[in-house]
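Now for the letters of each chain:
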Amino acid sequence: MPTGEQILIAVLNGVTWGLIIALIALGLNLIFGLLKVVNLAHGSLYMLGAVGGWFVIGATGSFLVAAVVAPLAVGFLGMVIERVALRPIEEDIPTTLIATFALLIVLDQIGLLVFGPGTRSVSAPIQGSVTLAGITYPLYRLSVAVVSLGLMGALYLFLHRTRYGMWMRGVRQDLEMASALGIPRSQVYVVTFGLGAGLAALAGVLLSPIVGVNHLMGLDILAVAFIVVIVGGLGSLKGVLVASLVYALVENIGTLYITTVDARVLTLSLMIAFVIVRPDGLFEEGLG
Amino acid sequence: MLSVDSIDTYYGQSHILHDVSFEAGTNEVVALLGRNGAGKTTTMRSVMGLTPPRTGTIRFDGTDITGDAPSSIANRGIGYVPQDRRMFPEMTVEENLRMGLGKAPFDPDRMERLFERFPRVGERLDQRAGTLSGGEQQMVAMARALMRDPQLLLLDEPTEGLMPSLIPEIAEITQAIATAGYTIVIVEQNVDLVLDIADRIYLLQNGRIGETVTPEALEQNDAILEEYLGV
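So the sequence lines, in the order shown, correspond to chains A and B. First residue of the first sequence? That's 0 in numbering that gives the first Met the number 0, and the numbers climb one at a time after it. First residue of the second sequence? That's 0 in numbering that gives the first Met the number 0, and the numbers climb one at a time after it.
Please note that the accuracy of each hint is not assured.
Restraint ranges, calculated between C-beta atoms of paired labels, are given here [unchecked claim]:
(1) Gly61/B / Pro278/A: 49 to 59 Å
(2) Thr59/A / Phe114/B: 45 to 55 Å
(3) Arg53/B / Glu89/A: 44 to 54 Å
Residues from chain A that face chain B, not an exhaustive set, calculated with beta carbons under 10 Å [claimed, not checked]:
(4) Arg171
(5) Met176
(6) Leu180
(7) Gly181
(8) Ser185
(9) Thr258
What the hints contain is simulated information worked out from the structure, not anything from laboratory work. For glycine and all other residues, C-beta sits at the position ideal for the given N, C-alpha and C.
Model the full assembly from the supplied sequences, consistent with the hints where possible.
Here is the structure:
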């Protein structure tokens, strides 16, 4: 039987990991909720953030600069992708699937070309650990959890307190009427894709000191991000947060009792069962 | 102000509007009348760029806007109240109103002045629009279109689908807007309302403009009323 300390560590790991998954999946859900594009290249944008961050840290020695520059650069790349690659085919959902799958391959190969094979480590910008209820836990992981929560709060405020956020919610609810009132749909789409890409990249930078950086890291996270988006409810930010936390907690606590592979099987089985019972996911309201 | 010249509009392969032409001058109130399926709403959607015509020209303030994006047409100063009100149901009433600004800046004084005309809208600013009654939604849709102080207002059946007891109130508001100096193109089944406010009436039948009449002429011509409206 696991000790109380082991359970506490598993819970902390689950919460941290869940918040990171949520950060990545929020971008995916934002894009799906608004553009109806299932972006299979989302994991690659996360990878580009981590790879870009690794290069920026190498050049400047500053993790903070990397956490600003890499997401901005990937966000800009996302805007270009939306405008150039997806806009001409936005009405044709199957074609956008193929296009984003092609983008996944192209971006991952670019990652391999510039970064090379293998995993490289990144030093955490915050060293040390804290003692909580008798256990020692890395301070950086807790910081990542807090930053992720803060970013999600900021995203919520952006969507609900700014004009652009209101436009995004309006376009999602009724694209035609929003356009007929003068909301520039094209601009809203570009910004949304850029924001989603930037969030994924930021998650990549934040996670790189924990999991390292390699050019295939996007593939690992992509499936998880899709699972929590489907379970949380397509378009729902609140649902993504809850589903991410449940996913990560079940898996982390599960590994205390069964093997890692079995814990993954258990988690996925629970998620599949949930989707069968409730195909629309936890929440359906979307962008809220 | 608005000049629609020989437009032909299709839904897929279906040819809906045939060679439709009409005009609305500054401060004029122009009505499109016809039975269900005559092409009235399609005409409005064509002007807004939501169902752009395949041929013909639409000019607003002398500029050709045919084929422009709906958002660009709206931001030229055209307010649109669609047939089914089209609230953003998950947003509050205030957010619905602000959506009506498009790219125009928010003017709190203007919004306050609108509440003098739509007091019930002002009382429900924090309520979700999807929870409003049909009449209240119609008022929000009209106030939303007026938020940007449009040069031209397109009103598509403002009294349609409302409880009979609410129709006089909405008709009264429509009349007040019409006399406030807005240029208006209105589609309406309520003939009495149209006869009261319109300067000119275009009668549509099977996607074609059949007659152009004054309200006075229409009121006295039972044959035309019967032919185009079945009343």
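Problem set entry | Interface hint compliance - Gly181/A to chain B, C-beta minimum distance less than 10 Å | Constraint on Gly181/A satisfied, holds at 2 Å.
Problem set entry | Satisfaction of the hinted span 49 to 59 Å by the C-beta atoms belonging to Gly61/B and Pro278/A | 53 Å, holds
Exercise. Against chain B, with CB atoms and a cut of 10 Å, does the hint on Arg171/A hold up?
Worked result: Hint on Arg171/A: holds, closest Cβ of chain B at ~9 Å, below 10 Å.
Problem set entry | Restraint satisfaction for Leu180/A [CB to CB of chain B, less than 10 Å] | Holds. Min distance 5 Å.
Exercise. Once the shortest beta carbon distance from Met176/A to chain B is found, is it less than 10 Å?
Worked result: Check passed: Cβ of Met176/A comes within 4 Å of chain B, closer than 10 Å.
For this session: Starting from the range 44 to 54 Å, see whether the pair Arg53/B and Glu89/A falls in it by beta-carbon distance.
Result: 22 Å, violated
Exercise. Does Ser185/A pass the interface check with chain B, least Cβ-Cβ distance below 10 Å?
Worked result: 8 Å, holds
Problem set entry | Agreement of hint Thr258/A with chain B interface, Cβ distance less than 10 Å | Violated - the Cβ of Thr258/A stays beyond 10 Å from chain B, reaching only about 44 Å at its closest.
For this session: Could you see if the CB distance from Thr59/A to Phe114/B stays within 45 to 55 Å?
Result: 54 Å, holds
The earlier numbered hints that this structure contradicts are 3, 9.
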